[in-house]
Amino acid sequence: MTQTTEAAAPAQAPPARRRRVHRAWFVAAVTFVTIIGAAAFRSLPGLLIDPLHQEFGWSRGTISAAVSINLALYGLTAPFAAALMDRFGIRRVVAVALSVIALGSGLTVWMTAAWQLLLCWGLLVGLGSGSMALAFAATVTNRWFTERRGLVSGILTAASASGQLIFLPLLSWLVEAHRWRPAAVTVALAALAVVPFVWLLLRDHPADVGLAPYGAREFVPKPAPVTGAARRTLTVLASAVRTGPFWLLAGTFAICGASTNGLIQTHFVPAAHDHGMPVRAAASLLAVVGVFDVVGTIASGWLTDRFEPRRLLAVYYALRGISLLFLPMLLGPAVHPPMVFFIVFYGLDWVATVPPTLALCREQYGEDSAIVFGWVLASHQVGAALVAFLGGIARDVFGSYDMVWYASGTLCAAAALMALVIRRSPTAPALAAVS
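Residue numbers (the numbering used here): 29 to 463.
Simulated from the structure, these hints should not be mistaken for lab results.
All C-beta atoms in this analysis are idealised placements derived from N, C-alpha and C, irrespective of residue type, glycine included.
One should not assume that every hint holds.
Here are the simulated distance ranges between beta carbons [stated by the list, open to error]:
(1) Ala327 with Asp236: 49 to 57 Å
(2) Arg48 with Gly304: 54 to 62 Å
(3) Ala442 with Glu204: 20 to 28 Å
(4) Ala252 with Ala327: 32 to 40 Å
(5) Phe54 with Trp330: 17 to 25 Å
(6) Val137 with Trp201: 14 to 22 Å
Required output: the full structure, derived from the provided sequences and hints.
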């Protein structure tokens, strides 16, 4: 930065020496690793349904209810977490959230009643994970980057899939070889292991280290802490609900959650096991989803910087719906090429919806976009929670998941149509087909 800038802001001016790699990329890397560690717990619920049913005799509907509470709180906590980050800083909120996740997962080792599962895995892990939700990634992206936001949001979104890739094979092996308790302890330790990285390496704002955000032409002073986090969160919601785009974004993202976290992540392993597929093989397929999720999400971030996000969302949801309609015909006792194709295809589309949804929130709601996205994410998790619960009920009542696959495919078609009718903001910059 120039001497003129230093004179204008002596207290927070960036150093004259230019860095070869902007600090924002290191912050993004720490955020990526943090989300990977927190993602360990998200790999476990689908693996617990059958073991808990066998050990305690709890119905799949009861176990799914705990997963449902977890998913709902994951979303409903997110907008408040975004406001708390504005008030207390990213490091403090994320460190506390990881500790709560570890506490909730660790306490499940001693549970003997279903209400304890609802309390530990539903309430505690749900609250902690909600503070580690995509609102965290949105806050980091908004503060540290003015360019390449689509790419960065795609990379940080992919971190959750990377965590699934890393932990799911290990957790499935632990569940099969040593029952479910060592897997729960592993999740707790993974969350705790990330806390030192967050506290020592993560920074709340570029001004903390005397830098402008990546891509910014001018230095941006650190804003004062925002008081009244809960009030601000609700005020932003009250304003957003009076706009049509909010309901369309919330509706499409609810269907996104229903068809990913609520459906595939929670019920794919037990559904495949119903057809004779070994649990470890089914879990490995779900891990492969995580591999291609990384590729698809980063690619979606790159595409979001270049293409109209509404059209991208419509394509993503339409393709996802078609693939779900074919899934009942693909499930069987062995892994075969059509199933592998489905896994690759679904993985590429898994959370590819996040970068264009984030872009539309920024376009429509500006500085409040992180909190608005938190509420949109809440709808994502409410949709996931409903399908996680109803999927377990459907399995208990009908003896199979076929009806759930078909209903979710139909919902994805509706989401594609909803994405196309989201209006453009009058102040939104025009995107060329290719930059």
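*What are the numbers of the hints the structure violates, in ascending order?*
Hints 1 and 3 not satisfied by this model.
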